[in-house]
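Trainee: What follows is each chain in one-letter form.
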Amino acid sequence: MIIAGIDMGMENVKVVIMENGQIRGRGKNLSGGAKRASAAEKALEEALKEAGMGKDKLEKIIATGKGKFDLPFADRCVSEAVTTAHAAKLLCPEATTAVDAGADETVVVTLGTNKLVDEMAINEKCAAGPGIFLRTIARRLELTMEEMNELPPVKPEGPRVNDGCVVFAETDALSLLNWGASPKDIAAAATDAAAVRVCTAINDITGTKLNCAVLFGGLAKNAAFVNALQHYAKLNFVIPDEAEYAGAIGAACAGVNA
Amino acid sequence: MENFKEMIANRHKYAEDWKKRTGGMVLVYNQPYMPEEIAYAGGMLPLRMLPEQKPDVISAKWLYGCCYPVKNMINQVLSGDYDYMDVYVYVEDCQWVWNFHELITDLKPGLLNHFMFFCDHPTAPTSKYVMRSEMQVFKNKVEEWTGKEITNEALDHAIELYNTNRRLLRRIYELRKVYDMVILGSEMMHIMIANQVMDKAEMNGILEKLIAELEEREPFEDRIRLMLVGSELFNAELEEIVESLGAHVVADETDYGSSYFWNDLVPQKDRLLAIALRYLEKPRSAMKDSNWRHRLQHIFEMTEDFMVDGVLIGKQLVCQPHGSDNYAIWKLLRERAIPFHFFERDTTLPIDETSVRIEAFLDMIRPGITRVRGWNQPLVI
Amino acid sequence: MARVNGQIWETRPLEFWDRAKELRAGWEQSAESKEKIVGQGHGAWAGAFPAITIIEDNPRGSTIAAKDMPFARTARLASEVRGWGRELCGYHGVLWGCQFLGQNPDGTPFNNRKLVVPMPATCDQHTKRGIQCRDFEPVPQWQGDATVYVGENDFDREVEMVNHRVYNELKMINDIERIFGQKFDEDAMREIVGLYSKVAEYRAEIFMMQMNTPAPLSAKDLYSFYTLGGRLTIDPVELEKFWKLVRDEIRWRVDNKIAAVGTERFRFLEAHPPQYSFLKYYRYLEQYGAVCVGSQYTNFTAAVYERKPNGEVAQRETNPPRRQIGIEEFKTREDLFRRTPELNIRGPGGFKSDENHRPYALNEFADMYHCDGAFFWVWRCGVGCTMTRKEQAIRLRRAGYSVLTYEGSAPGDPTDLDEKRFLEQLDAWMETNNLVKYEN
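Chains as they are written, first to last, in our numbering: chain A, 1 to 258; chain B, 1 to 381; chain C, 1 to 440.
These are computed hints drawn from the structure, not numbers from a lab. For every residue, glycine included, the Cβ atom is placed at its ideal position computed from N, Cα and C. Some clues are possibly wrong.
What the hints assert, rightly or not - Going by beta-carbon spacing under 7 Å, a handful of chain A positions derived as facing chain C:
id, residue
1, 79
2, 82
3, 206
4, 209
5, 210
To be verified - Partial chain A-side listing against chain B, Cβ under 7 Å, derived:
id, residue
6, 141
7, 144
8, 172
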């Protein structure tokens with residue numbers, strides 16, 4: 001069965017074409033705001049090109065992500081918690097927990113034995129948008145995303161920003177900038193605060209299934225963030241190469257029995 | 001002047017050393033109505049918990065929607081800062097702290113603890129008997145924890161020690177009633193907070209020495225005089241910002257500030273009744289001020305007594321009792337033409353944003369203040 | 001009747017529905033009464049003052065917020081600019097905003113309250129309720145105390161508390177007689193207490209029957225009428241007739257397996273009030289076959305149920321048991337009030353006021369009501385609605401229940417309700433429980 005999984009994220013749209021559990025093609029595009037559907041179409045074209053097939057070969061198109069309902073050509077929409085679990089089963093069969101830390105939302109699921117998901121946790125509103133927050137901070141501090149990835153850990157005596165609310169955190173960061181703190185120290189503090197907020201969603205899990213955790217989402221690419229998150233969550237994450245495409249992969253997997 | 005800032009920073013070590021030295025128990029509390037005299041008479045060291053912000057991955061698991069001080073406290077306790085604590089006592093006041101009490105007693109099953117009711121209606125003729133009965137229950141509890149009877153002599157000693165402490169603090173505090181004051185608001189705040197994390201017997205000696213030093217001190221320059229009103233403050237950050245902007249904080253009406261020591265305990269034969277009355281008659285916390293509005297009267301009297309030019313009202317986010325009182329306080333200050341500035345805060349203060357606010361407030365009230373030298377000149381720090 | 005996709009159980013509309021609506025409309029009109037002295041607060045005794053009506057702010061505020069959202073927003077802003085914290089209970093922000101604006105949503109003048117009756121409760125907001133009237137203009141206000149004892153009983157302490165509460169109540173009644181020239185009708189009060197006792201029995205029976213599968217009522221139904229006689233003070237004679245009617249109909253529905261929701265296959269509980277302006281989420285969940293069987297806020301207001309050592313579910317004993325109180329005992333005014341506070345020392349409201357019980361109450365609830373999961377609104381505004389909620393969620397999860405929490409500002413304040421995000425999270429909750437939406 002050939003299925004397209006489309007993850008309509010807040011920052012990026014990701015598409016995979018899967019045939020019998022194998023990834024045949026991938027595509028990615030900026031979300032495009034109000035024109036999200038056309039951004040998805042372009043990403044789908046890219047994925048189909050890589051897979052070497054036409055749209056007519058697709059048997060199903062399954063959407064997930066924040067903008068999933070904006071996609072008029074999807075056959076079905078699946079929630080992010082379910083796609084995260086499916087992706088974990090495929091990409092890391094030994095995983096007991098999966099965390100998806102994206103631009104807008106953090107989803108944590110523990111994987112069941114008799115059912116797909118045992119427990120699910122989603123970030124609090126105050127912890128929404130860790131990816132968008134870090135991008136905004138990078139822009140304010142005139143740092144590239146590459147520089148953000150390579151930041152050192154936050155210094156114990158160095159500046160800190162609020163880790164309870166991203167609006168406060170941004171106010172603190174601007175304050176620090178005005179008071180002469182170094183942009184890299186501020187960025188490290190902001191990354192640390194984002195990791196704290198994402199960790200609170202992981203901590204909502206009550207079970208003991210955190211022994212093998214897999215990390216997905218755009219933030220999985222940010223080494224500084226991953227290090228901070230591992231420190232707070234006291235976990236060593238498995239990060240598959242396809243981490244960024246996990247939502248789309250999970251959507252395609254969910255489409256198999258739908 | 002002693003380094004009160006260091007005393008605050010080293011409070012956990014101080015408590016641990018005290019335990020080693022005396023073999024006694026440390027009782028930690030947070031709410032303002034805690035009758036420390038009873039615990040002290042039982043040989044315990046009552047210490048007030050100071051919320052402190054640090055990276056927090058703990059509190060969100062257990063609490064939602066509550067104020068930052070309570071989040072900080074649960075983070076501190078569960079991450080081990082208060083491992084030396086033998087007893088936690090919650091005197092019923094704000095409900096978020098109640099949630100904290102409920103939570104730590106559940107998550108730390110070995111921790112000795114006590115819940116003390118406190119009247120929402122403190123002025124009924126029957127209130128003092130309700131509270132006397134609460135004091136009796138608490139006294140019994142302390143005796144059970146320590147295995148030692150609390151004698152009248154021990155209670156008298158504790159009452160006298162605490163009253164001396166209050167008088168000494170008031171003496172220092174009232175030095176700011178005059179224009180040429182010899183102690184800064186930030187220094188006073190450090191003293192008041194350090195006082196709540198120290199043994200009063202030791203602190204009284206330090207305060208007596210300080211009073212002698214202050215008598216020799218040169219007065220500070222006369223500046224705009226501000227008063228702080230609002231939710232709990234646990235450090236002198238705000239005072240320091242005000243001072244950096246060329247103004248003074250001369251008074252406060254906060255639970256961790258002057259309200260802690262404002263009224264004496266009037267001794268009487270029934271010691272527990274005397275203790276109950278002292279706490280019923282203390283300046284009201286926002287939570288316990290509903291029908292007769294004592295807070296308003298108290299705030300107004302302080303603005304008069306300390307010749308206040310303006311009031312800063314800093315409310316902790318999600319502090320329901322203070323949020324409910326704002327309307328009445330704003331109305332009072334407006335009716336009496338006392339300038340005020342309201343802002344929301346959490347346990348940290350964004351320095352820039354807070355400075356801009358306070359600077360704008362000072363600029364607004366400066367033209368009306370003609371007694372300060374150079375009142376019409378641009379501010380030079 | 002036409003069947004819908006996924007229908008498992010027979011369902012029928014509630015026959016008492018119209019009567020409930022009539023009673024509720026009558027209560028709303030009483031808030032604007034020009035013939036009576038209208039006060040803020042709550043007290044069944046108000047019926048013993050024929051010329052006084054006591055109206056509670058919560059249901060008024062939530063009704064306005066649900067019916068006229070733009071006006072409610074204006075009213076909340078009017079409260080906020082006067083200092084009312086934006087994190088405070090939305091009900092009050094709305095209702096006292098009307099007071100500050102001087103008008104109701106329909107443009108008629110707001111009926112300023114002439115007295116404030118205390119509403120002692122564990123909730124910070126309840127404790128300080130009504131002060132906005134008193135701060136606004138000098139009307140009489142009294143204060144009371146809620147008994148919030150945790151831990152061991154202490155007889156001497158409880159005696160003092162009863163005396164304190166009796167004093168507060170009698171002082172208030174005597175003051176009202178003096179200030180407003182009204183006579184407190186003790187015979188009327190005896191009748192009221194008798195009728196309310198019967199209502200309490202009907203309600204307790206109804207909420208016991210709610211444990212049946214299929215559930216004869218849903219929380220959506222309950223939120224439209226369960227406050228009659230509780231938060232909404234209405235004519236006690238009519239009230240008793242109404243609840244008897246409800247009891248009889250629910251009994252019939254249970255005997256005949258008539259469901260509130262025909263698709264019932266997933267039962268969940270809630271804890272405190274929902275977002276009143278968006279009750280249609282219950283209908284949304286019905287598409288998955290999920291039905292809310294009630295909450296602490298509804299089902300435990302009549303009585304707290306517990307599982308006895310023999311496994312049977314029954315009411316928790318109060319102190320003294322409510323049913324043992326006969327109206328003939330109330331010979332004097334003081335007798336009446338002396339018995340009433342005793343009921344409340346460790347009474348049926350234990351799920352709210354007894355903190356030893358409260359954190360565990362929902363696990364018992366889930367067990368007794370045969371729930372599969374729980375959904376909790378966690379409110380930023382109004383500490384009483386949110387306190388201990390996350391702990392309860394953890395306890396339920398540990399016991400194997402599927403729990404979803406969703407944040408909002410207050411039940412009566414839809415300002416930051418993101419309906420799309422909310423429904424998406426409900427989808428995620430249902431889908432992770434292997435439930436697929438029935439196509440309509």
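Trainee: If a hint holds in the structure, say so; if it doesn't, say that too.
Mentor: Verification of the supplied hints:
no.	hint	verdict
1	79	holds, 4 Å
2	82	holds, 5 Å
3	206	holds, 4 Å
4	209	violated, 12 Å
5	210	violated, 14 Å
6	141	violated, 15 Å
7	144	violated, 25 Å
8	172	holds, 5 Å
The structure does not agree with the numbered hints 4, 5, 6 and 7 stated previously, though it agrees with the rest.
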